[in-house]
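S.K.: Listed below are the residues making up each chain.
Protein chains: 2
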Amino acid sequence: MTKEDLFDQIQQKQSYLCVGLDTDIHKIPKHLLQTEDPLFEFNKQIIDATHQYAVAYKPNIAFYEAHGVKGWQSLEKTIAYIPDDIFIVADAKRGDIGNTSKMYARAFFENMNCDAITVAPYMGEDSVTPFLDFDDKWVILLALTSNAGGKDFQNLELAQGGDLFEEVLRKSAEWAGNDQLMYVVGATRAESLQRIRKIVPDHFLLVPGVGAQGGSLEEVSRYGMNSQCGLLVNSSRGIIYASDGEDFGAVAGQKSKELQQEMSKFLNSFL
Amino acid sequence: MTKEDLFDQIQQKQSYLCVGLDTDIHKIPKHLLQTEDPLFEFNKQIIDATHQYAVAYKPNIAFYEAHGVKGWQSLEKTIAYIPDDIFIVADAKRGDIGNTSKMYARAFFENMNCDAITVAPYMGEDSVTPFLDFDDKWVILLALTSNAGGKDFQNLELAQGGDLFEEVLRKSAEWAGNDQLMYVVGATRAESLQRIRKIVPDHFLLVPGVGAQGGSLEEVSRYGMNSQCGLLVNSSRGIIYASDGEDFGAVAGQKSKELQQEMSKFLNSFL
Numbered sequence: 006m007t008k009e010d011l012f013d014q015i016q017q018k019q020s021y022l023c024v025g026l027d028t029d030i031h032k033i034p035k036h037l038l039q040t041e042d043p044l045f046e047f048n049k050q051i052i053d054a055t056h057q058y059a060v061a062y063k064p065n066i067a068f069y070e071a072h073g074v075k076g077w078q079s080l081e082k083t084i085a086y087i088p089d090d091i092f093i094v095a096d097a098k099r100g101d102i103g104n105t106s107k108m109y110a111r112a113f114f115e116n117m118n119c120d121a122i123t124v125a126p127y128m129g130e131d132s133v134t135p136f137l138d139f140d141d142k143w144v145i146l147l148a149l150t151s152n153a154g155g156k157d158f159q160n161l162e163l164a165q166g167g168d169l170f171e172e173v174l175r176k177s178a179e180w181a182g183n184d185q186l187m188y189v190v191g192a193t194r195a196e197s198l199q200r201i202r203k204i205v206p207d208h209f210l211l212v213p214g215v216g217a218q219g220g221s222l223e224e225v226s227r228y229g230m231n232s233q234c235g236l237l238v239n240s241s242r243g244i245i246y247a248s249d250g251e252d253f254g255a256v257a258g259q260k261s262k263e264l265q266q267e268m269s270k271f272l273n274s275f276l
Numbered sequence: 006m007t008k009e010d011l012f013d014q015i016q017q018k019q020s021y022l023c024v025g026l027d028t029d030i031h032k033i034p035k036h037l038l039q040t041e042d043p044l045f046e047f048n049k050q051i052i053d054a055t056h057q058y059a060v061a062y063k064p065n066i067a068f069y070e071a072h073g074v075k076g077w078q079s080l081e082k083t084i085a086y087i088p089d090d091i092f093i094v095a096d097a098k099r100g101d102i103g104n105t106s107k108m109y110a111r112a113f114f115e116n117m118n119c120d121a122i123t124v125a126p127y128m129g130e131d132s133v134t135p136f137l138d139f140d141d142k143w144v145i146l147l148a149l150t151s152n153a154g155g156k157d158f159q160n161l162e163l164a165q166g167g168d169l170f171e172e173v174l175r176k177s178a179e180w181a182g183n184d185q186l187m188y189v190v191g192a193t194r195a196e197s198l199q200r201i202r203k204i205v206p207d208h209f210l211l212v213p214g215v216g217a218q219g220g221s222l223e224e225v226s227r228y229g230m231n232s233q234c235g236l237l238v239n240s241s242r243g244i245i246y247a248s249d250g251e252d253f254g255a256v257a258g259q260k261s262k263e264l265q266q267e268m269s270k271f272l273n274s275f276l
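Protein sequence lines, in the order shown, are assigned to chains A and B.
Count the first sequence with our numbering and you get residues 6 to 276, in order.
Count the second sequence with our numbering and you get residues 6 to 276, in order.
Hints were generated in silico from the structure; no laboratory data involved.
You can take every hint at face value.
Where chains are identical, the list cannot tell them apart; a pair therefore holds if satisfied intra-copy or between any two copies.
Capping the alpha-carbon separation at 35 Å, the derived lysine-lysine pairs in DSBU-like fashion look like this:
| no. | residue 1 | residue 2 |
| --- | --- | --- |
| 1 | Lys156 | Lys142 |
| 2 | Lys262 | Lys107 |
| 3 | Lys8 | Lys75 |
| 4 | Lys18 | Lys75 |
| 5 | Lys35 | Lys107 |
| 6 | Lys107 | Lys176 |
| 7 | Lys176 | Lys32 |
| 8 | Lys142 | Lys270 |
Bound-form chain A, shown alone:
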């Protein structure tokens, strides 16, 4: 998907919501456990209920890999089920030497037709560039993550000045344009977002950590939005586990609609 297509969809739906499919067999409603493929059955109903409010889905690959072959089947079916005009992020946090990254790229871009994959930056340029060889596919590079351990290394101050995550932004922005590269930015505070936007004003940012992880959607939107929106805001647990009854689909739909309506307001205020 091109940047233009993504922005078109954001404008049409008045939403920059990404729904995280962190589908956990221990958390989905019990009545689904009797179906042949509970993970897929859950995702299918979530997608049916939320697709009109979401511009992206983000399956968290770990939750499928944990079930081996069977989980991988659920994942493939889920990705095939997502409507074609919706952006699909394989949240895989991959990254390895060149020939290996190329294999991961094939797995997620060719075999599964995802639009984007999250990549860890630690191994540097030649671990990232193999993912950039695919037309209209995206790398979403980890820059600043919202977990407690994020600051262990990402916020280390460098001798040359600035923190490590800023150098990750700066250096990686030389490897690809903002039509192929986005960043995972767990920042929800104004100060961090402003620092990030100084370095990468035009890139899309994938922002987890709104909702269950406590970030403020307004703050993210006010300080993170650029002229083409430039934001995909993810919510997982707050939507998909909002109910654990038979009404989980309807409730997920309602929760995503509420987020979409807030987003519509912020698009009108800040775009």
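Given chain A, put chain B in place with the hints provided.
M.R.: For chain B alone, kept in the frame of chain A given last:
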């Protein structure tokens, strides 16, 4: 597998060889392509021919994921086929927020019964610790990688002094002992190995980059070995693709035997 078991095996086999199973459908001998599961068939013959010389196997997960469900099946069969007393490293370079890392740990430690998994450090402590909750299972954390891009971030000098990779070693060594934690160290130069051994004298190091990637086994052994060996030296292409004919198994056996014999010499000299 415990550290003692691993060291016992090293002494018995007089080897610290890890054979990398980077099994590429485009590189394996053509006659295998008619078999039902070419990746597994290849691995099976490689394992048969090399297991007496190797103390570890390292399947590179990307090469299996690239084939989706089918590749995942080949991977599971391969791991089940490896003899029980041999150390199995899932070279997966995973790492994510806590609940997600836990899922990856389940995938590789519970479902597939690997002994170790390679993990990327960028997301810090709580992305690594979920892998440490499993008895006698190991995290092999990326510290210094041998690819060209490795220096993009790993060799950045910190304001507090030292390079990023040294801080990764220092900080992570607080999270677990050397009975649960190893490091990926692509260093083959004396100077880097000496710097690393100053920080983590007792940990095992998994060293790729000997052979096809050009490192010297003697240099690695001289400067990297500690009193319990402390080294797993990986070779992939130099063994598994040494022949692309029907004799590929025999040739792989011969290549791994040559490495084992060199290693035996270094164990006698440096241990």
